[in-house]
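Can you build the whole structure from these sequences, using the hints too?
Position 37, counted from 1, in the sequence shown is what UniProt numbering calls 37; the numbers after and before it change by one each time, with no gaps.
Just so you know, the hints here were simulated from the structure itself, not pulled from any lab data.
Owing to the predicted nature of the structure, the values given are computational and were not obtained by experimental measurement.
Idealized CB from N, CA, C, for every residue including glycine.
A hint or two may mislead.
What follows is a set of in silico ranges between Cβ atoms, one per label pair, in the way DEER data are often shown [said to hold, decoys possible]:
#1 Glu350 <-> Glu243: 52 to 58 Å
#2 Gly333 <-> Asn61: 40 to 46 Å
#3 Glu243 <-> Phe352: 50 to 56 Å
#4 Asn194 <-> Ser332: 18 to 24 Å
#5 Lys86 <-> Gly280: 33 to 39 Å
#6 Asp88 <-> Asp184: 22 to 28 Å
#7 Gly280 <-> Lys108: 30 to 36 Å
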Amino acid sequence: MKVLSLVGARPQIIKEAVLHRRFKEKGIKEVLVHSGQHYDYNMSDVFFEILQIRKPDYNLNVGSGTHGEMTGKIMIEFEKVLLKEKPDLVLVYGDTNTTLAGALVAAKLKIPVAHVEAGLRQHPKDMPEEINRIVTDRVSQILFCPSKLAVKNLEREGITEGVYFVGDVMYDLFLKMEDRFRYDVFEKLGLKENEFILVTLHRDFNVDDPVKLRKILEQLKRISREKKVVFPIHPRTKNRVKEFGLENLLEGMVVIDPVDYLNLMGLVKRCWKVVTDSGGLQKEAYFAGKRAIVIMPDTGWRELVEAGWNKLASEENLFDVTMEEDCSEYPSGLYGDGNAAGKIVEVIEEWFRSLRGIH
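Quick look at the structure:
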């Protein structure tokens, strides 16, 4: 049995590493291919150390480019690898151009595709990530859903075969890393537990528009008069604040340089609420038992909003939504039990057994 995993961005590398440990335990051969879309494998960080992330067996070195150019380059190079390796299954992750390219090439070569993080849906429907998700789900034989809502999304589109609710691999990771979370920054800043709001802001649609960024910062400044705001500022956001002459709106907030993952999670664990436009942090706040106010018109993690735990906000109502007291109970189990990787590998094993039974 040979599984081939295709990755191209940091979150995909981390998810693959969590899964790889399970494949290894089960004696399943896994070939790792990196498209070269986003990430430098020489980078050393805590995930590499703890997850023992390995170098890829193949690196396609596609680099950056337009969506069409990148997708096309990955397809050309990835096809060569598939023809050489002849895997029994291709595993793709998430919603990048790498995901789409890998799924299309495998499908055209009649190699079964498994999609980790299937069934997520988000407006607007013409955003590249949404197109990548929908097409990948259409050509996949096995669809691993992180939530029950993702299963329902696929059902609405008539996709019911090969669909599995396994939970979120990132929840596996959170639980694995939790004992290593650090509180150095929390202590250095003299913060008190549940007495501050953690803010992250970096999306282009929020920070590249001077009018919108001004309004968001005005709302945050207003919040800071009621509750301490800790704001690890992203380099992109910092540059835009300076470019647009908005530095005065940061007064009253605790603005710090970006912090490493372990200290960021330490801040999340001890904050009152999180205000963010990060897809990952929305879930990590939930994993830590904290509410997130999401500065986006929609989110791929709608189950958190539908459960009343997280809330969507805009530059117009951010203060009101953030400061509103919440009474809803914690909706446990939205992303499984922390054993998504184990379940994924079990499904793949069973799938191979059924194939052998047929043939």
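Status of each hint after checking the structure:
no.	hint	result
1	Glu350 <-> Glu243: 52 to 58 Å	holds, 54 Å
2	Gly333 <-> Asn61: 40 to 46 Å	holds, 41 Å
3	Glu243 <-> Phe352: 50 to 56 Å	holds, 54 Å
4	Asn194 <-> Ser332: 18 to 24 Å	holds, 20 Å
5	Lys86 <-> Gly280: 33 to 39 Å	holds, 34 Å
6	Asp88 <-> Asp184: 22 to 28 Å	violated, 46 Å
7	Gly280 <-> Lys108: 30 to 36 Å	holds, 32 Å
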